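Protein chains: 2
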Amino acid sequence: MINQIILGLDIGGANTKAALLQFTDNQITKSFSYIEYFPFWEKTLNEIPKMLKRIVLNIVKKNNYKLNEIEAISITITAELSDAFQTKKEGILTIFAALSKVFDTSKMFFISNNNEFINFERANLESSSIAAANWVSTSLFLGRFIPNCILIDAGSNTIDIIPIKHSVPIANGKDDISRLMNHELIYTGGLRATIPSITHFVPYKGSDIRISFEKFALISDVHRILGNITEKEYTNDTADHRLKSLENCYARLARIICMDIDSIKREDLNLIANFIYEKQIELILDELRAFVDSHRGFINEFEDEPLFVITGLSAEFLIRKTLKKLGYNNIKTLEEVTNIPDSITSSAFGIAGAFYYQLNNE
Amino acid sequence: MINQIILGLDIGGANTKAALLQFTDNQITKSFSYIEYFPFWEKTLNEIPKMLKRIVLNIVKKNNYKLNEIEAISITITAELSDAFQTKKEGILTIFAALSKVFDTSKMFFISNNNEFINFERANLESSSIAAANWVSTSLFLGRFIPNCILIDAGSNTIDIIPIKHSVPIANGKDDISRLMNHELIYTGGLRATIPSITHFVPYKGSDIRISFEKFALISDVHRILGNITEKEYTNDTADHRLKSLENCYARLARIICMDIDSIKREDLNLIANFIYEKQIELILDELRAFVDSHRGFINEFEDEPLFVITGLSAEFLIRKTLKKLGYNNIKTLEEVTNIPDSITSSAFGIAGAFYYQLNNE
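As given, the protein sequences belong to chains Z and B, one line each in that order.
Residue numbers in the first sequence follow the working numbering, run continuously in steps of one, and reach 753 at the last position.
Residue numbers in the second sequence follow the working numbering, run continuously in steps of one, and reach 753 at the last position.
FYI, nobody ran anything at the bench for these hints, they're computed from the structure.
Fair warning: there could be bad hints in the mix.
Since the list gives no way to pick one copy over another, a pair counts as held whenever it fits inside one copy or between any two copies.
[As the list claims (entries may be wrong)] With a straight-line Cα cutoff of 27 Å, these simulated DSS-like cross-link-like pairs (lysine-lysine) come out:
id: 1; residue 1: 421; residue 2: 623
id: 2; residue 1: 492; residue 2: 480
id: 3; residue 1: 670; residue 2: 723
id: 4; residue 1: 480; residue 2: 635
id: 5; residue 1: 434; residue 2: 606
id: 6; residue 1: 434; residue 2: 635
id: 7; residue 1: 556; residue 2: 452
id: 8; residue 1: 480; residue 2: 596
Predicted model, so just to flag it, every value in this text is computed and none were measured.
When you get a sec, could you build the whole thing from the sequences and use the hints?
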């Protein structure tokens with residue numbers, strides 16, 4: 392009986408997610424996850440290694456493991472796009488420097504957009520191939536369980552749509568811009584999206600009101616008001632740095648049309664929240680339809696309906712709802728397919744799991 | 392010969408503007424202005440009186456006046472909408488408290504949305520009538536020079552469109568929400584507007600790319616790239632807290648489609664900047680057209696073409712351009728009509744001038 396322990400890290404611009412997987416004889420026997428809201432644009436350079444040390448404390452030490460027991464740390468980075476860095480290369484190299492202060496460089500492996508893991512040395516030379524490749528690892532992990540499907544990972548900030556064939560991603564785009572172009576990446580999500588990024592107008596008293604551009608509210612306020620997320624799932628900062636209570640969500644939403652909770656009724660705000668939600672669904676629906684159009688050949692290969700596997704914090708209220716509107720009902724969750732314990736940190740499980748399988752089975 | 396000195400203050404959410412006017416025998420004989428970028432949402436309560444004291448230092452003392460020589464301080468407030476305050480009332484009362492620490496309350500007068508100035512005591516009781524009434528004072532001031540016209544004040548954040556008849560504003564809306572509804576207030580401007588509040592797509596390599604919702608760039612970057620504003624006129628904070636150089640404006644704009652200046656050419660970014668500018672013009676054009684439709688009776692009263700008087704930082708590149716597209720060519724600037732020295736602080740001149748004329752001529 393051999394135990395192998397893999398730590399997976401998904402270092403995003405707003406959240407860093409970690410998953411620790413213990414494999415015994417090719418089976419996951421233990422798993423743990425941890426998420427920290429760590430917005431790079433508000434941080435200084437020396438806070439990055441500190442954050443990584445907190446990750447080690449919370450997911451390794453608190454679960455009674457030692458760092459040197461961990462066989463490998465498999466990593467994906469999307470934080471390089473943060474405007475904490477002037478260029479993506481600067482971002483990647485800064486994060487590499489922080490990682491090497493906390494982890495043994497010989498144990499680190501990075502997923503590349505060529506569907507393979509590369510070591511620290513090579514990653515330093517090919518930083519552009521490992522930027523924003525988190526969708527690759529989740530796809531490879533899922534591909535182990537279901538060879539042909541469409542993975543949709545809908546998180547707090549972005550939605551990845553990835554066609555998987557013969558167990559590997561066959562996306563048309565490799566980097567952010569080509570993925571945006573091919574409708575394989577949508578820059579919207581369940582928590583941090585701003586309201587004007589979804590709609591320029593909201594209804595009030597029978598009129599369409601052009602809203603303010605200020606970051607008065609976020610989509611997390613809308614989804615909290617509508618009950619799509621719990622207060623605990625509202626993990627991002629609020630727009631006004633006040634509480635996440637319903638009262639405060641309503642107060643923030645009121646400001647988008649220059650009102651306050653003294654002057655607008657909750658029922659009017661509920662109508663506005665519903666309207667914004669519908670607009671977000673519409674936006675995703677447009678992108679999904681464009682995705683289907685440009686991947687028609689692949690979609691037609693499914694005997695019956697194409698299979699969609701969904702994950703991420705916003706999977707149910709953003710994706711399942713949109714797929715059903717499009718008439719797709721063959722939907723599974725990544726959690727039920729792969730047996731990982733939760734959807735919020737699925738990308739961290741994905742990077743750990745994908746690495747394990749590459750290490751042991753290929 | 393009597394000298395009367397009036398200090399006008401326009402306390403906005405992002406900028407506080409001040410104008411000092413010296414009148415001699417009913418004529419403006421000296422004038423000074425001062426603007427401070429003071430974003431309320433980043434400030435603590437005790438910084439407000441400090442900011443007001445800096446205003447006094449910079450516009451009163453530096454110009455060799457004493458505070459007790461000033462006959463009146465006429466004030467308009469729009470900062471109450473800032474999410475520094477939970478409600479507008481809280482905002483107004485907080486700013487009142489700060490004002491009373493710096494100025495003699497018996498000398499303070501506030502413009503109300505009923506076209507009159509009210510004293511400190513009454514303003515405390517009627518805070519909602521003085522919230523966001525800055526457009527009233529500029530209209531009353533302009534009305535002294537031109538009795539019938541349409542004033543358009545296009546600043547860094549918002550655009551006011553105000554019909555003036557028989558020297559007084561005859562707007563359909565009185566507060567922010569009714570003014571938004573009546574197309575008399577547009578929440579967009581030349582500096583702080585976010586890109587997704589203007590367009591959800593930009594062109595790149597022949598595709599329409601759905602952009603990121605992150606505050607990676609601001610419209611000030613677009614207008615700086617296009618030469619609509621100088622670096623000195625770029626008075627707001629940058630989105631990434633980096634420099635206002637052209638290089639940095641391009642870097643910020645690149646991020647809206649998840650790129651960086653290593654990967655996208657300036658000529659592609661110029662196309663994107665032009666597209667966003669056109670979209671902002673389109674947005675204003677739609678609102679102006681709706682304004683004209685709902686004020687048709689008033690517009691038709693002009694013998695020939697209606698007269699538009701424009702002011703504010705964005706008057707030329709946002710408003711003159713849009714009016715010409717709509718076929719309106721009878722355009723004057725507030726500066727040429729009233730002889731105030733600059734357009735950026737025109738609202739502060741307006742509040743000071745309007746108060747003087749009410750005090751002396753009515």
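Each hint, compared with the structure:
1. 421 to 623: within (25 Å within a copy, 59 Å between copies)
2. 492 to 480: within (19 Å within a copy, 51 Å between copies)
3. 670 to 723: Only inside one copy: residue 670 and residue 723 sit 25 Å apart there, 40 Å across copies, limit 27 Å.
4. 480 to 635: between (36 Å within a copy, 22 Å between copies)
5. 434 to 606: both (20 Å within a copy, 16 Å between copies)
6. 434 to 635: both (22 Å within a copy, 21 Å between copies)
7. 556 to 452: Neither: 38 Å inside a copy, 74 Å across copies.
8. 480 to 596: between (49 Å within a copy, 23 Å between copies)
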